[in-house]
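Hey, can you work out the whole structure from these sequences and the hints?
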Amino acid sequence: MKYSLSLTVNDEQYNLLVEASHTLMEVIRDGIGLTGTKCGCEDGRCGTCTVLLDGELVKSCLVLGLQAQGKSVLTIEGLGTPDHLHPLQIAFLEHGAVQCGFCTPGMLLTAKKLLDENPNPTEEDIRHTLVGNLCRCGVYTHATRAILSVARKS
Amino acid sequence: MLNCCYCEPTTVAEALTLLAEHGDGARVVAGGQVIALLLRQGFIKPSCLVSLQSVAGLDGITAEQRGVRIGAMVTLHRLGNAGNEYPTLRALSEAAHTVADQHIRNRGTLGGNICGAHPASDINTALMTLNAEVTLVSTQGERMVNLHEFLAGPFTTTAKPGELLTEVTIPGFALRRSAAVYCRFSPRAGDFPVVSVGAFVSLDDTGQCQEPRIVLGNCLGAPTRATEAEQRLAHRNLLEDTRSLTEAATLAATHLTPRSEPMASSAYKQDLVGVLTRAALTEAVARALEVRP
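Protein chains in written order, with our numbering: chain A, 1 to 154; chain B, 1 to 293.
The set of hints was computed from the structure by calculation and includes no laboratory data. All values reported here derive from a predicted model rather than from experimental measurement. Take these hints with a grain of salt, some might be off.
To be verified - Straight line, CA to CA, 30 Å or less: simulated DSSO-like cross-link-like pairs of lysine-lysine: (1) A/K71 with B/K160; (2) A/K71 with A/K113; (3) B/K45 with A/K2.
As the list claims (entries may be wrong) - Have a look at the derived ranges for each label pair, beta carbon to beta carbon: (4) A/P119 with B/R259: 40 to 50 Å; (5) A/R127 with B/G221: 26 to 36 Å; (6) A/Y14 with B/T10: 38 to 48 Å; (7) A/R127 with B/P171: 32 to 42 Å; (8) B/M263 with A/L16: 40 to 50 Å; (9) A/P119 with B/E228: 46 to 56 Å; (10) B/G25 with A/R127: 41 to 51 Å; (11) B/M263 with A/T35: 30 to 40 Å; (12) A/P119 with B/E290: 26 to 36 Å; (13) B/T10 with A/L16: 16 to 26 Å; (14) B/G42 with A/K71: 36 to 46 Å; (15) A/G80 with B/E228: 58 to 68 Å.
Backbone N, C-alpha and C define an ideal beta-carbon position, used for all residues, glycine too.
Structure representation (structure tokens):
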């Protein structure tokens, strides 16, 4: 059975028809076509599908699309644009914190939320926050340095 | 494609009516951290998803005479900080803080975690240590059940169709010098614990231990009381007889044969039970003594 869903994604309003069992990740990727949000493990471990839902970090594969009714979502496409990268995106490039890049969108959104709440995190804070974002290439050290560098600049 | 309806009631009464109408086919969605997974994996095929996110009045924490009442929709993130305001919840906060990661704690709820009934649930082990009771409501009425009786085995509870878990009550500590501690071990942060242990001690004016509780997580299908170890501590003076903590830890380790897993044999888990029980008890006694008699 399909239901109408209205939500805001990256400041744009969308109205879609979704099944009750569709996840927010499916809505974002298949319904809206924003494929920056990655589909990794689909069981809540890897964090590649991380988005901000009403400003809160969530794994979009574990949120039903209809639970996002009337809410606001920020995906990687809303963080920066190719012409105007977010400072975190620049720092990730400068520090080589991207290898295959699959975990990067989720990791960047987690990093953004961390810096929004705690502009001066310690390395320990950063490592603790990245627990929910797995990287199989192992860029954790580079990502940590990149996030620290953005914190120091601001 | 699953033919399933989705409802978002705004009151408990409306939710109960929906649960009664759909019977076995209804599944409650709290934070969705368990349900979304079960749906995708095809483990459940509900005819109706009843979301609680718009139901008012299920996310309060209130201290009353009989104890602290916590609404089923309180998130694990909030629970992780509740111990600062409500001292009896400290061990529960420690447990909540270790669940998965920030993303999941933001959405995951107390009620959802309990009803998911995962054998390694940090929350259920901590709640049993605190002797928690759950309130179950249906169109037929309301009942309170000790969590011990509510958890029936792996991923199974004794909730009847149509019943909704609305809140949890943590009874107050009878003696002032009481404390609970939650310890767990997992090789990686964010994983379920290989083994976890909750310990509760309560010391009278002379230092004698009254009604101790030791709960072992992820050893059997549901958190389990280590009764022999508890008996070893009961009525012992824990200020003078510190050996009894070690003896209790040894008894806890041999109390049961833990379920082995690919990453952890039964014998390995038994060793962990011993180490964690010793640590939890030592810390619990230290905390109990911090409280002024």
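Results of checking the hints against the structure:
no. : hint                           : verdict
1   : A/K71 with B/K160              : violated (33 Å)
2   : A/K71 with A/K113              : holds (17 Å)
3   : B/K45 with A/K2                : holds (16 Å)
4   : A/P119 with B/R259: 40 to 50 Å : holds (46 Å)
5   : A/R127 with B/G221: 26 to 36 Å : holds (34 Å)
6   : A/Y14 with B/T10: 38 to 48 Å   : violated (24 Å)
7   : A/R127 with B/P171: 32 to 42 Å : holds (37 Å)
8   : B/M263 with A/L16: 40 to 50 Å  : holds (41 Å)
9   : A/P119 with B/E228: 46 to 56 Å : holds (52 Å)
10  : B/G25 with A/R127: 41 to 51 Å  : holds (44 Å)
11  : B/M263 with A/T35: 30 to 40 Å  : holds (34 Å)
12  : A/P119 with B/E290: 26 to 36 Å : holds (34 Å)
13  : B/T10 with A/L16: 16 to 26 Å   : holds (23 Å)
14  : B/G42 with A/K71: 36 to 46 Å   : violated (27 Å)
15  : A/G80 with B/E228: 58 to 68 Å  : holds (60 Å)
Against the hints set out earlier in the document, violations occur for numbers 1, 6 and 14.
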